[in-house]
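*Asks:* Listed below, chain by chain, are the residues.
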Amino acid sequence: MKQGLEKKRLKEDLSKKILSNFKKNKFNFTDLDLLIDTNLLTERSGEQFKKFTLTYKDIFGKEISLRPDLTVSTALKYIQEKKNKEEKYCYYGSAYRLDKEGDLKISDQIGCEIINSNNNKSENILINSILESLKKIKNLEVILGDVGLFKILVESLELPARWKLRLVKNFSRKEYFEDMLKRLETNYDLDQKTIKLDTKRLQDLEKLDQNILIGGRTVFDIVKRFNKKIKDPRDNYKGKKNVKIIRDFLNINTSINKAESTILSFFSKNKLNNLFIKSYLKKISRINKEIGKKYFINFRTNFGRNNDYYTGIVFLACVKKKSTIVELARGGEYNSLLRTLGYKRDISAIGGAINLNELINL
Amino acid sequence: MSKIKIGLPSKGRLKDESLAFLKSNNQEVVNSFGERNYFFNIKNNNEIDGIFLHAREIIERIYDGTLDIGISGLDLLKELPDFYSENVKIFKKLNFGFADLVVAIPKDWLDVQNMADLEEVSFEFREKYGRRMRVATKYPNLTESFFLSKGISQFRVVPSLGATESYPFTGSSELITDITSTGSTLKANNLRIINDGTILKSSACIFISKKIKKNNFLNFLK
Chain Y
1091 MKQGLEKKRL KEDLSKKILS NFKKNKFNFT DLDLLIDTNL LTERSGEQFK
1141 KFTLTYKDIF GKEISLRPDL TVSTALKYIQ EKKNKEEKYC YYGSAYRLDK
1191 EGDLKISDQI GCEIINSNNN KSENILINSI LESLKKIKNL EVILGDVGLF
1241 KILVESLELP ARWKLRLVKN FSRKEYFEDM LKRLETNYDL DQKTIKLDTK
1291 RLQDLEKLDQ NILIGGRTVF DIVKRFNKKI KDPRDNYKGK KNVKIIRDFL
1341 NINTSINKAE STILSFFSKN KLNNLFIKSY LKKISRINKE IGKKYFINFR
1391 TNFGRNNDYY TGIVFLACVK KKSTIVELAR GGEYNSLLRT LGYKRDISAI
1441 GGAINLNELI NL
Chain S
185 MSKIKIGLPS KGRLKDESLA FLKSNNQEVV NSFGERNYFF NIKNNNEIDG
235 IFLHAREIIE RIYDGTLDIG ISGLDLLKEL PDFYSENVKI FKKLNFGFAD
285 LVVAIPKDWL DVQNMADLEE VSFEFREKYG RRMRVATKYP NLTESFFLSK
335 GISQFRVVPS LGATESYPFT GSSELITDIT STGSTLKANN LRIINDGTIL
385 KSSACIFISK KIKKNNFLNF LK
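Residue numbers (my numbering), protein chains in the order written: chain Y, 1091 to 1452; chain S, 185 to 406.
Below are the DSS-like pairs computed for lysine-lysine, each with C-alpha atoms no more than 25 angstroms apart in a straight line: (1) Y:Lys1190 / S:Lys262; (2) S:Lys291 / Y:Lys1321; (3) Y:Lys1140 / S:Lys262; (4) Y:Lys1314 / S:Lys312; (5) S:Lys312 / Y:Lys1318; (6) S:Lys334 / Y:Lys1259; (7) Y:Lys1254 / S:Lys312; (8) S:Lys291 / Y:Lys1314.
Reference excerpt, derived from the structure (chain Y facing chain S, CB under 8 angstroms, subset only): (9) Glu1133; (10) Gly1136; (11) Arg1252; (12) Leu1255; (13) Arg1256; (14) Lys1259; (15) Asn1260; (16) Arg1263; (17) Tyr1266; (18) Met1270; (19) Leu1292; (20) Leu1295; (21) Ile1304; (22) Arg1307; (23) Ile1312; (24) Lys1319.
For the record, the hints were derived by calculation from the structure and aren't laboratory data. Keep in mind that this is a model prediction, so the values were computed, not measured. Ideal placement from N, C-alpha and C gives every residue a C-beta, glycine not left out.
Given the sequences, and given the hints that come with them, work out the whole structure.
*Replies:* Below, the structure written as structure tokens:
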């Protein structure tokens, strides 16, 4: 284990080399803000996010957090600078998070992000740029996933819209997701007795001005959702069948060169509508063609669920040290993040970062 | 030998029922210092010094060692951070002060029956109004843990000091969580309890300090 000054020097040398690699690939260095308005984080990720961030109140009572993540900081930079074209950023800095015990963990990261690009090779450019800096590491393994595939799977299932929404929105919350699958299996959803009673009250509501607010919701929204819900039932059999399909799908674990055929045959075996899947898988095929020949890449449908802002490709570069996996770099696509942080619409974005703390300990 | 210090609720039904409970166990409370004085004694028991306090404060004072024994609500202990339970132990659950902490919504939200529905409505709020659904409560910690355990992450707690039932109709929140024993106050305020929205079943409890030594008074209360 390296100590003190040696560690610091090593970090500086490595960061210079990695940044020069990024700059060669036309990424522009940027200094990111250390502090983030806490409200921006909680508005997108929910109140529980505060538990992982070091937060304090300024003299005006506004809550501020030390940046827990450099991708969010980069996205905020793009918005603050009022950009509207492709930007390729690279950065070097620390992310600050509290662990489960409430202890502060500082991770030194060096990364790059491509925001608002129309280039369909931007995933390859980004992943290549990250992996290039790690290519000399022996036994480097790359794991690839695509959380967007899960969304396509769910869309192709015969499920009520409310269940599709729940499954997709909670995909990143593994424990709760499991609870949800159990609920779906056992059909714990609609109480027919209550529905009968409420249907009587519905007639009164329908007579009201539909724009009236009740508890912050319009009568129109309440009536619409109620009608949709009762016309959108399902039976036990389909719940069980769908849960099995979801579980089987999340068990797909194969080399990247077999990923496309495995997923296509999964869709066809389960008689799922695969109109979009073929074109969607082209992205994985492109990564396989260009990056798959240089690195061993494992494809897992269950991978990349740890972060709620990923929307598509997710990747991890790691090495096995004895029985533990040392995570050297990770990243992914986050096409909705900027809108949730205040940008006017969804835009394509992908980023990744190298964990310097782990890298220097190799 | 130092006296045992006991705290009792200073007002309301919880106070009356605590006094009745002690009396039924031959430990009658006497206001030796006058009706309006906060200190009291136990008839024919010189080992006890008593004080009437707010139910919430009783737990705080057992935690910091000012009190040895107290009667208060389970809900109030559970709302406090976990480390309180290290110093404040439940000696006995009592047969009064029953109340549930529940999630209540405007009764006309016909489309919402359970927490799963609420989860969907929370997404709707996020998408449609660009903000999180607001929950008014006097129990922010219990509410937050319960909502998260039910998969609802898109919400914001609005702390309330009283008249929580009015919040959804004044635009201060969309729904509430509150303590209720019969549900009649909620009903009178056009609110409805969600089917699986019981956060906690509470009752009055005898709480004791972790450091309390064995004493006869506790034997009387068993």
